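Sequence lines, in order, name chains B and E. Every position in the first sequence, counted from 1, becomes a number in the numbering used here once 59 is added. Every position in the second sequence, counted from 1, becomes a number in the numbering used here once 59 is added.
A hint or two may mislead.
The list cannot tell twin chains apart, which means a pair is met if one copy fits it or any two copies do.
As the list claims (entries may be wrong) - Derived pair list, reagent style DSSO-like, types lysine-lysine, alpha-carbon separation capped at 27 Å:
| hint | residue 1 | residue 2 |
| --- | --- | --- |
| 1 | 145 | 71 |
| 2 | 381 | 292 |
| 3 | 234 | 87 |
| 4 | 71 | 87 |
| 5 | 71 | 234 |
| 6 | 381 | 145 |
For the record, the hints were derived by calculation from the structure and aren't laboratory data. Here the structure is a predicted model, which means the values were calculated and not measured.
Each chain is listed here by its residues.
2 protein chains.
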Amino acid sequence: MNGNFTFHNPTKLHFGEKAMEALAGELKNYGPVVQLSYGGGSIKKNGIYDQVVAALESAGKTVVEDGGVMSNPTLERMLEGAAKAKANNVDLILAVGGGSTIDYAKAVSVSAWCEEDPWEKYYVRFEEPSCRIIPVGSVLTMVGTGSEMNGGNVISNHKANIKVGKVFGPAVYPKFSILNPRFTFTVPRRQMVAGFFDIMSHILEQYFSGTDDNTSDYIAEGLMRSLVVSSRKALENPEDYEARSNIMWTATWALNTLIAMGKTTDWEVHMIGHAVGALTDATHGMTLSAVSLPYYRLIKPFGLNKFARFAVNVWGIAADGKGDEQLADEGLAALEAWMREIGVAMNITELGATEEMIPKIADATFLLDGGYKQLTRDEVISILRESL
Amino acid sequence: MNGNFTFHNPTKLHFGEKAMEALAGELKNYGPVVQLSYGGGSIKKNGIYDQVVAALESAGKTVVEDGGVMSNPTLERMLEGAAKAKANNVDLILAVGGGSTIDYAKAVSVSAWCEEDPWEKYYVRFEEPSCRIIPVGSVLTMVGTGSEMNGGNVISNHKANIKVGKVFGPAVYPKFSILNPRFTFTVPRRQMVAGFFDIMSHILEQYFSGTDDNTSDYIAEGLMRSLVVSSRKALENPEDYEARSNIMWTATWALNTLIAMGKTTDWEVHMIGHAVGALTDATHGMTLSAVSLPYYRLIKPFGLNKFARFAVNVWGIAADGKGDEQLADEGLAALEAWMREIGVAMNITELGATEEMIPKIADATFLLDGGYKQLTRDEVISILRESL
Chain B
60 MNGNFTFHNP TKLHFGEKAM EALAGELKNY GPVVQLSYGG GSIKKNGIYD
110 QVVAALESAG KTVVEDGGVM SNPTLERMLE GAAKAKANNV DLILAVGGGS
160 TIDYAKAVSV SAWCEEDPWE KYYVRFEEPS CRIIPVGSVL TMVGTGSEMN
210 GGNVISNHKA NIKVGKVFGP AVYPKFSILN PRFTFTVPRR QMVAGFFDIM
260 SHILEQYFSG TDDNTSDYIA EGLMRSLVVS SRKALENPED YEARSNIMWT
310 ATWALNTLIA MGKTTDWEVH MIGHAVGALT DATHGMTLSA VSLPYYRLIK
360 PFGLNKFARF AVNVWGIAAD GKGDEQLADE GLAALEAWMR EIGVAMNITE
410 LGATEEMIPK IADATFLLDG GYKQLTRDEV ISILRESL
Chain E
60 MNGNFTFHNP TKLHFGEKAM EALAGELKNY GPVVQLSYGG GSIKKNGIYD
110 QVVAALESAG KTVVEDGGVM SNPTLERMLE GAAKAKANNV DLILAVGGGS
160 TIDYAKAVSV SAWCEEDPWE KYYVRFEEPS CRIIPVGSVL TMVGTGSEMN
210 GGNVISNHKA NIKVGKVFGP AVYPKFSILN PRFTFTVPRR QMVAGFFDIM
260 SHILEQYFSG TDDNTSDYIA EGLMRSLVVS SRKALENPED YEARSNIMWT
310 ATWALNTLIA MGKTTDWEVH MIGHAVGALT DATHGMTLSA VSLPYYRLIK
360 PFGLNKFARF AVNVWGIAAD GKGDEQLADE GLAALEAWMR EIGVAMNITE
410 LGATEEMIPK IADATFLLDG GYKQLTRDEV ISILRESL
């Protein structure tokens, strides 16, 4: 590990089948008004909504209803939620749902009392909040984004045709998150699978960067190996508690800053994926899967040794005197085979993108420094063509 | 992962060559009186003491000197420190040193204002503090114990001839820890090597337990692989910054509760090691190395599958159709070879123990449930005989 960094992740995680029992204790730490933010109503069908409301009522809280958060939260909806939180002077935002709902709650938490234009301040100038921040708690019902233990959030601005991800510091992390693997059993198969790839992509974005020897990469390899084993079991039986709990835990640690410590990272797949999502409104994890293989095959020569290591340490491919080139190819072939096995989107055509959209997607793609290579616009276009 | 658990680790870690620069900012969060706890004076020789005192003076703090903490902190010394902290009404205990000094600071932090007998309350009845807890910060100069990011501490009671480890909750964790890998360069070789094995032992104690499939074990495997690679580099060149930083980071994550989440653990090696230490006053890491192989060879049949997995996933031994028994033996042989390579104590005779002491050591050994098998006193005696 090189460089200087600070690790600080104060989120308290309550994990397990009985995790919801911890909610009552957490609620004692906050004032009387709770904004209850959630998505499209599936939590009303599966009983989670009732459990949460019962806990809020037992704790004597006033509930500010804030349902209907969409899966790619928009700036407009976020500003509505912020106005509601301010008008009701809420003491806690309790987000019940997946990453989109928790992302939304964090954005609301720093926008309600923000005296400037939140879009400009956070998503254009990428500043930290200077206003009062409303505490956020979460009850996670869908895994993938890691939003339950980090400061990340992605907001879609349809006027500008962009999705922007902003990563806030620990003051914006959820104060507590409740993770019950059983709550993920009823997630539709396609969402579950998109979550699997989202987790894998988070790890890959942090892993495929740098040529140093770094403990973070060894932890990342462990998380990937656990994910591959458990994703296969969960596909066979979505109610395999052990597998679903391993996946839920892996998702949290894949994106809570740990495996980025002391190293450079990439995130270019997310930049392309966000651009695809902004134009197609496709599920986040599927936009990542659709562009990953063409991206990694393009950057492979620039980080060959790491791609070879990936083959051996993640997929258990025997080195047997093979060269790095061959090992790297076998590693990416193993990744592709796993992706086909779990059934993620393998191209952007499935997601509704067309050849005509490609220049627009390329224009909407931020070009970062890259893990091993900074892309040009032409290379983004070539990746997108390969992804059709 | 099975079972229900809470993960909460609020310690802020400042890591890297410039980590000390963060001390000034941290000191602003505390009142004017700081008890400066440290060990035998090596920090005065290597300049760390001067850096810390300069930061304290710049921040306008009143320093309560508390040097001379011994390497296995005694109950008497801890009570002296607690009386000093109370008498000076200190606002922060700043521990500068290795695990012993930080352990000591935590024990003082919960004892200064404790109205009961701290030994009885914490180390006999194993209760949590109910009094005011003085915040602790640390500047780490020697790696191994993980004390910089957990609630653990070990106190020696010479009257009773026992060392007792107590693990406090997050309220007692250091509020911040400063980890500069360069500070570990001047640690004597034998201490460095004892630290390597202490780290490995912490991981093994959590890994060798349970038959479930658990993400925590995959993370543990990653940490062990990183440790083996970096320990070899550090032995060759103790000033290899990358290696020393990887080891420092691995030590922290080996014992900050992460790799124990959702699983059972063992800790019997530590129980035997503490008993050896109580009678010989030998370095903690060496007491663990001296008894580990006989212990693991004895419990191997009861956790055979995990020992086989250890061989493949940690040591890269090819399974090649070998049975679990053979793989397990090859894994333990690889562990033994690494131990001999780094030069840890391979028996308790080197540590000053004699055959006559064995019954006393066995009597001082707590018998836990065990990772795969609960030991009998006779088995402890047989392990100790094998360790002579």
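Hints versus structure:
In this assembly of identical chains, the alpha carbons of residue 145 and residue 71 lie at most 27 Å apart only when taken from the same copy (26 Å versus 31 Å across copies). Proximity of residue 381 and residue 292 under a CA criterion of 27 Å is satisfied inter-copy only: 25 Å between copies versus 31 Å inside one chain copy. Taking identical chains as interchangeable, the C-alpha atoms of residue 234 and residue 87 lie at most 27 Å apart whether they share a chain (13 Å) or sit on different chains (23 Å). Both within a single protomer and between protomers do residue 71 and residue 87 lie at most 27 Å apart by alpha-carbon distance, with minima of 15 Å and 25 Å respectively.
Proximity of residue 71 to residue 234 under the C-alpha cut-off of 27 Å is found in both arrangements, the shortest distances being 6 Å within a copy and 15 Å between copies. Proximity of residue 381 to residue 145 under the C-alpha cut-off of 27 Å is found in neither arrangement, the shortest distances being 62 Å within a copy and 65 Å between copies.
In summary, the one numbered hint that this structure violates is 6.
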